[in-house]
Every structure is written in structure tokens, then in C-alpha cells.
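A.B. asks: Letter by letter, the chains look like this.
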Amino acid sequence: MNAINRNELDALNRAVLEIDVNNHPGVMSHVIGLFSRRTYNVEGILCLPVGDGRQSRIWLLVNEDQRLPQMIKQAQKLEDVIAVRRHNANHAVFSELESFFQA
Amino acid sequence: MTETLTGAQITVRLLERQGIRTVAGIPGGAILPIYDALGQSTAIHHVLARHEQGAGFMAQGMARVSGQPAVCLASSGPGATNLLTAIADAKLDSIPLVAITGQVPRAMIGTDAFQEVDTYGLTIPITKHNFLVTSAEELLEVIPRAFQIAASGRPGPVLVDIPKDVQTQAIEIGEWPEPGRALPAPAADPALIEQAAAMINAAERPILYLGGGVVHSGAASAAVDLAEKANLPTVMTLMALGAMPVDHPLSLGMLGMHGARYTNLALDECDLLIAVGARFDDRATGKVAAFCSKAKIIHIDIDPAELDKIKTAHISITADVSDALHQLLPAVAKNDRKNWGDRITALQAEFPFQMPGADDPRSHFGLIRTVAACLDNDAIIATDVGQHQMWVAQAYPLRRPRQWLTSGGLGTMGFGVPAAIGAALAEPQRTVVCFTGDGSILMNIQELVTAAEENVNVKIVLMDNASLGLVHQQQTLFYGERLFASQFKASPDFIKVAQGFGIAAVDLDAVANPCAALMEAIARPGPCLIRASIDAEQKVYPMVPPGAANRDMIGA
Ligand SMILES: Cc1ncc(C[n+]2csc(CCOP(=O)(O)OP(=O)(O)O)c2C)c(N)n1
Chain A
1 MNAINRNELD ALNRAVLEID VNNHPGVMSH VIGLFSRRTY NVEGILCLPV GDGRQSRIWL
61 LVNEDQRLPQ MIKQAQKLED VIAVRRHNAN HAVFSELESF FQA
Chain U
1 MTETLTGAQI TVRLLERQGI RTVAGIPGGA ILPIYDALGQ STAIHHVLAR HEQGAGFMAQ
61 GMARVSGQPA VCLASSGPGA TNLLTAIADA KLDSIPLVAI TGQVPRAMIG TDAFQEVDTY
121 GLTIPITKHN FLVTSAEELL EVIPRAFQIA ASGRPGPVLV DIPKDVQTQA IEIGEWPEPG
181 RALPAPAADP ALIEQAAAMI NAAERPILYL GGGVVHSGAA SAAVDLAEKA NLPTVMTLMA
241 LGAMPVDHPL SLGMLGMHGA RYTNLALDEC DLLIAVGARF DDRATGKVAA FCSKAKIIHI
301 DIDPAELDKI KTAHISITAD VSDALHQLLP AVAKNDRKNW GDRITALQAE FPFQMPGADD
361 PRSHFGLIRT VAACLDNDAI IATDVGQHQM WVAQAYPLRR PRQWLTSGGL GTMGFGVPAA
421 IGAALAEPQR TVVCFTGDGS ILMNIQELVT AAEENVNVKI VLMDNASLGL VHQQQTLFYG
481 ERLFASQFKA SPDFIKVAQG FGIAAVDLDA VANPCAALME AIARPGPCLI RASIDAEQKV
541 YPMVPPGAAN RDMIGA
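Residue numbers (the working numbering), protein chains in the order written: chain A, 1 to 103; chain U, 1 to 556.
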């Protein structure tokens, strides 16, 4: 088993990231690319514009593993990322959506 | 007064205003409007590369020697994809680059149009930032910002993809934006500086570990001042070579995979590691858990994402390393550290760096040392990638920041020749030497004609072992001597090749006095290829085997 799978299995918890970004085509690829290149699965994604639409807010549900602090720092480095906030997995944003995701 | 200009003219004007005087590139359909405008510019000299990767590395050469963002140009599709390696290389070595590509017209994007490729998507992971420009107005914001981003903080490559119809769109311009410049970095936290100084003052066996960030931030002399004041033995990464002169009494040279044994052993004993603008790359650290395992760590870097990435530091300081070192200097006490100095001297005596054949110009080390003897510290030294690169890193007396151009992070064969051309274009008063291998040179051999056309003062020293030497070495040492695909069965006549491309060539094998021939070839202005046979059995030693701790080196 490679280290990355182990990382994911060892993830005891999940975390929710709240990311304020400039709203333009490509910003989602920039953010998500940080995860995909590290084979770090993103379990849930939500994104909608905020305010006048010049900014959007991306919500990510991710497994909490030891790479998460580095992921947050990498996300903060992106030019179009304005702020990154970390929440616990029980944040309402995803739990209130559960009814849309019944198998 | 307003003027009406096209997107292409605006782009060129913004480059001029930015102070760009030389660009490298290759035209094609989707960037022809910009080329048309560039052709009208009297301020900018365009160097016509023969492959876009060559153009990218020429721009890198300019940026590496000047520290300022440099520009390369390519058309859409294959032009853009050919640039990718040079962009990725700039990302890993934190080189400020602005790559401008043409794109198919906006209305055709997404239709699989002729020479359409998703340049924006392709470059997301290999740029610091990238733009797909959607109007001529936007250029006024995007181009200065591209330069600002490339130069600010930790430098890096920025790509600007400009659709052809944006290049031809005419708009009225009333006012020009300010050129994009590096933004000042946030100052180091004084409390952390104080703690770091206290930790340095309390340390008995500290080592200063300099990375490429020291060169990028212009902090080399501050680093040397700090080392001298506090008597800090100093190691350098491949990227930092030249930050402290190798023959400085406190210099322990390069650390890591091909560092000297005494260097890695000293690191193993240190009780404090002061990492400055370095990122604990695996080639520097070896097995991370065993790297400086007894040491506390102070880590100073402008990029907060580097702090605690590989090793958790006791004190992490986000700052421009030049500022941080200047703040640290007065707070650090003078200290002769006699015991530690004696211990280092003993390690150096017991585990010295061996340079067999250094007096024989027909051996690998001897050739490098003879070239060095023909030059002074003003020379610029570029390399390709392979054994020759490591031998030069070990043996060339580098003494000046920005003297040394090598592809560190990506390790790209083909880097050397075009990077050397770029360096010579940016600093025509200097002699530029490019050490290359017979594998690497073929990866961008076409740029020899560019060297001839531009008549750059580049001396290419081809260390010809008729093999992919570093691969040969790995197969010999770690794959049961099963040599496969590492020895060339056919080799070109490099002398004829060079002459065919229009540059002078000297075969050191064929001359009676190689020292004199080298001296003459290096002294003669203009491009020249100097070829010498090198024994393919030679190894880069000492070496940390893959996965091993730095203290467990093999070889002499
Ligand atoms: C573009 C690229 N392809 C492959 C490699 C892997 N590689 C590293 S060193 C090397 C051999 C280099 O041979 P040469 O340029 O002749 O130098 P030598 O090692 O013989 O001095 C190879 C193939 C690389 N670094 N870059």
C-alpha cells in the first residue's frame, strides 16, 4: 500500500474548507488541481457567487490527513484565493445538503 | 491625448514600458499580430529561437543572471506545448519568467480549432499564475500584473495566453498603467528574529544552510556577514552555489547527494540548522528523518508554504531572507566557536573531498579546473544535467551569486545551451561557459545556430562520454551493472555539427596541448564548442544512495 492510501485511510476525521476566491473561469481548476495532483480526494464541492458576483465562495469537504495544513498553505498562495478558513466536518453547509444526496 | 492601438501593439508597448529589451520566441499564426507589432519596436530585440523550449530557457538565462523577469513568446498549440518544460523548470527553481502565447480567436476556443490547445489548463500546475486574456482592455491590467506576480515574493513563471482576436482588437488608450514591479514582502516578526538570534547565540555546533532563495533575494553578502560574525560553518544547496565563495574559510560547499563527506557529516553533528531560502529538497536532505537529527531548526523563507513542509522547524520565519538576515545580524553575538571550528577542521582532514585527476585536463575534474583557470569570477557558468553537472558543482570554484545557472529542481537536460545564450544576451560583457554532456546537448542542439546568429560569447564545453552518464552510473551501482539504453551506439561528429551550425569548434582530444587550446578557445570572442572525451566509467562520488541517510555515502 502506498503512503498516500495509508494517509487517506488513517484520516479519522473530515474537515470543511471555506475558500473565498475571485469569480472567474479557471479558479476552480486552480484550487482543485492542488488536491488532484497529490491524489488527495475532495469528497464534496460547493461553489456559488457571493455579493455582487465578483467573488465566489468554494466549500470543500475533505478527509483530514497530515497534508491538510500544507494544502491550506498552498491554497492561500493562489493569486485568486482571498481567504481560506477551516471548519470541522460537522459544519452545516454540507450536512444540510444531505437530502439531495440520498442513494 | 489618446491613441488607438491594437491588443498586439498594447502588449508590445507594455513590454517596452516594463523595461524589456530582449525577448526570445518563435512566431506562428496565432501570435502573428504581436510579432507584427514587435517588428515595429525599436526598443526590443527579438531573438529567434529554433525551438520554443530553447526560447523558454533563453528567457530563463536572462532572468537567472539579472534577477529580473524575462520574456519568451510562442504561438498557440505546439508552440505553447513546446514551452511547457521551460516553464515547469522555472517554477521549480523559482525563476521570474513571463511567457506570452498566442491563442486561437475567442470564438474558436473550445472547437478543437487548428493549433488549439488548452494552454491555460496545461499551465495551471506549472506556473505561479496564468491568464487567458479576454479583451484588449484587460491587457492593460494583466501584463503589468504578470510581471508583478513573477517578481514578487517567491519568484516564478507567469503565463499570459492571448487570443488572436484580442491581439487585433483596437481600443483607445488614454493612460498607461505603471509597470509591474515586485511588491515588498512583509517584514519578519521582530520577536521571532530575537528568538532566532538567541538560539544561534546559544548553539554550540550551528550550521548555516543556504538555498536558492538567498540568491533570488540578493542576500548573499548578508548571509556571509552573518556567517562571519557568528562563525557559522555554511553549506549551500545546488541552487545557492556562489552565495558564499567556495574557498571562504567557513564554506563547507554543497550538501546532500553529491556533497563532500565532511559536509554531510558536519550536518549530522550540528545542534542548530539555520535554513535560509532553502526548501529541504530530497537531494539535499537524503533520508529526511536522519537529516540533522540532533539539530534544532530555524527556517527562514519568503514562502510560508515551505515552512514545516518537510521538516518541522523550531522557529519559522516568513520573510524576505535579505531583510531577515539584516535584522538578525545585529542581534547575533560574535562567537569564535573554537571547538566546533576545530571539529570541522578535523572532519575536513579525515573525510576530504577527493578530486582525482584535477591536474589532468583530459580528465573530468581536470577539464573543469582548467576551464576555471582560464576565467575569473566575472564568468558565468551554466550546465546541463547529468554527471558533468554534478562534477562542475563539486569542482568549479564558484564565488559569486548569479554566477551559476543550473536546472536544479526539474533537472532538465537541454537547459544548458539556451540558458547560456540567454545569459550572454543579458550580460554581453561576460564570458559564459556551458558545461554539457553528449546526451544533454542534443536536446537543444538546434540553438547552436541561434548562438551563431546572435554571435553570443558562449563557450560550450562538451564532456563527451558517449553515454547518458548519470543513468549509466545508476545502472552500474544499483541495477546490477545491467547497462540498458544508457550507451550510445552512434554519436554525431560534434565538431562537424557545431561547424555546420556556424560556430567554431575545437576537439581537445586532437590537440597536443589541451590547456593552451582551451585558453585560446575561451579567449576568442563569440560562440565556440569545445569537445573532450570523458571516460564513461567515471562516477560522481561521493554519493548518497537513493533512500539512504546523508551520513551513509558511498564512493571515495
Ligand atoms: C529531459 C530529461 N530527460 C531525461 C533525464 C534523465 N537523465 C538525467 S541525467 C541523464 C543523462 C545525461 O547524459 P549527458 O547529458 O550525456 O550527461 P552525463 O551524465 O553523461 O554527464 C538522463 C537521461 C533528464 N534529466 N532530463
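Rather than coming from a laboratory, the hints here were simulated on the basis of the structure.
Errors might be hidden in some of the hints.
Said to hold, decoys possible - Below, simulated DMTMM-like cross-link-like pairs (lysine to aspartate or glutamate); rule was C-alpha separation at most 20 Å, straight line:
#1 A:K73 - U:D281
#2 A:K73 - U:D303
#3 U:K309 - A:D65
#4 U:K229 - U:D308
#5 U:K287 - U:D552
#6 U:K296 - U:E194
#7 U:K287 - U:D268
#8 U:K311 - U:D336
#9 U:K91 - U:D282
#10 A:K73 - U:D308
#11 U:K539 - U:D552
#12 A:K77 - A:D20
#13 U:K229 - U:D282
#14 U:K311 - A:D65
#15 U:K338 - U:E204
#16 A:K77 - U:D535
#17 A:K77 - U:D308
#18 U:K311 - U:D342
#19 U:K309 - A:D20
#20 A:K73 - U:E194
#21 U:K91 - A:D65
#22 U:K91 - A:D80
#23 U:K496 - U:E481
As the list claims (entries may be wrong) - With beta-carbon atoms standing in for the labels, derived distance ranges:
#24 U:T111 - A:E64: 22 to 30 Å
#25 A:P49 - U:T111: 21 to 29 Å
#26 A:Q102 - U:E172: 43 to 51 Å
#27 U:K229 - A:L46: 39 to 47 Å
#28 A:I32 - U:E3: 37 to 45 Å
#29 U:G547 - A:E64: 38 to 46 Å
#30 A:G26 - U:T111: 12 to 20 Å
#31 A:E64 - U:D376: 35 to 43 Å
#32 U:T111 - A:V42: 44 to 52 Å
#33 A:P49 - U:T2: 39 to 47 Å
#34 A:E18 - U:P179: 33 to 41 Å
#35 A:G33 - U:E141: 31 to 39 Å
In this text, a Cβ means the ideal position worked out from N, Cα and C, and glycines have one as well.
A.B. asks: Next, verify each hint and record whether it holds.
C.D. replies: Tested hints:
Simply put, K73 of chain A and D281 of chain U have alpha-carbon atoms about 18 Å apart, close enough for the 20 Å limit, and the pair holds. Between the alpha carbons of K73 of chain A and D303 of chain U the distance comes to roughly 9 Å, so the proposed pair stays at or under 20 Å and holds. Among the hinted pairs, K309 of chain U with D65 of chain A is consistent with the structure: their alpha-carbon atoms are about 14 Å apart, no more than 20 Å. Under the criterion of a C-alpha separation no larger than 20 Å, the hint pairing K229 of chain U with D308 of chain U is inconsistent with the structure, at around 27 Å.
At roughly 10 Å between alpha-carbon atoms, K287 of chain U and D552 of chain U fall within 20 Å of each other, so this suggested pair holds. Restraint check for K296 of chain U and E194 of chain U: the C-alpha separation of about 16 Å stays at or below 20 Å, so the hint holds. About 12 Å separates the Cα atoms of K287 of chain U and D268 of chain U, which keeps this hinted pair within 20 Å; it holds. Restraint check for K311 of chain U and D336 of chain U: the C-alpha separation of about 29 Å exceeds 20 Å, so the hint is violated.
With a C-alpha separation of about 17 Å, the suggested pair K91 of chain U and D282 of chain U falls inside the 20 Å cut-off, and the hint holds. Note on K73 of chain A and D308 of chain U: the hinted pairing holds, with a Cα-Cα distance of about 11 Å set against a maximum of 20 Å. Our distance criterion of 20 Å between C-alpha atoms is met by K539 of chain U and D552 of chain U, whose separation comes to about 17 Å. Restraint check for K77 of chain A and D20 of chain A: satisfied, since their Cα atoms lie roughly 13 Å apart, inside the 20 Å limit.
A distance of roughly 30 Å separates the Cα atoms of K229 of chain U and D282 of chain U; the hinted pair therefore is violated under the 20 Å criterion. Among the hinted pairs, K311 of chain U with D65 of chain A is consistent with the structure: their alpha-carbon atoms are about 17 Å apart, no more than 20 Å. Distance restraint check for K338 of chain U and E204 of chain U: the Cα-Cα separation of roughly 10 Å lies within the 20 Å cut-off, and the hinted pair is therefore satisfied. With a C-alpha separation of about 46 Å, the suggested pairing of K77 of chain A with D535 of chain U is violated against the 20 Å cut-off.
With a C-alpha separation of about 15 Å, the suggested pairing of K77 of chain A with D308 of chain U holds against the 20 Å cut-off. A hinted pair counts as satisfied when its Cα atoms are at most 20 Å apart, and K311 of chain U with D342 of chain U does not qualify at roughly 29 Å. Pair hint K309 of chain U plus D20 of chain A does not hold up; C-alpha atoms about 24 Å apart against a cutoff of 20 Å. As the CA atoms of K73 of chain A and E194 of chain U are separated by approximately 25 Å, the hinted pair breaks the 20 Å bound.
For the suggested pair K91 of chain U and D65 of chain A, the alpha carbons sit about 26 Å apart, so the restraint of at most 20 Å is broken. Of the supplied pair hints, the one linking K91 of chain U and D80 of chain A holds, its CA atoms being roughly 18 Å apart against a limit of 20 Å. For the suggested pair K496 of chain U and E481 of chain U, the alpha carbons sit about 33 Å apart, so the restraint of at most 20 Å is broken. Judged by the Cβ atoms, the range 22 to 30 Å given for T111 of chain U and E64 of chain A is violated: they are separated by roughly 42 Å.
The supplied range of 21 to 29 Å is met by P49 of chain A and T111 of chain U, whose beta-carbon atoms lie about 27 Å from each other. For the pair Q102 of chain A and E172 of chain U, the supplied restraint of 43 to 51 Å is violated, since their beta-carbon distance comes to about 57 Å. Against the hinted window of 39 to 47 Å, the Cβ-Cβ separation of K229 of chain U and L46 of chain A comes to about 54 Å, which falls outside the hint. Distance hint for I32 of chain A and E3 of chain U: a CB-CB separation of about 42 Å, consistent with the stated range 37 to 45 Å.
Distance hint check for G547 of chain U and E64 of chain A: the Cβ-Cβ separation is about 29 Å, which falls outside the suggested range of 38 to 46 Å. The beta-carbon spacing between G26 of chain A and T111 of chain U, approximately 19 Å, falls within the hinted interval of 12 to 20 Å. Distance hint check for E64 of chain A and D376 of chain U: the Cβ-Cβ separation is about 56 Å, which falls outside the suggested range of 35 to 43 Å. Our hint of 44 to 52 Å for T111 of chain U and V42 of chain A is violated, since their Cβ atoms are close to 30 Å apart.
Between P49 of chain A and T2 of chain U the beta carbons are some 34 Å apart, a value that contradicts the proposed interval 39 to 47 Å. Remark: the range hint 33 to 41 Å for E18 of chain A to P179 of chain U is upheld by a beta-carbon distance near 36 Å. A hinted range of 31 to 39 Å is violated for the C-beta pair G33 of chain A and E141 of chain U, which are about 24 Å apart.
In summary, the structure is inconsistent with hints 4, 8, 13, 16, 18, 19, 20, 21, 23, 24, 26, 27, 29, 31, 32, 33, 35 from the numbered list given earlier, while agreeing with the others.
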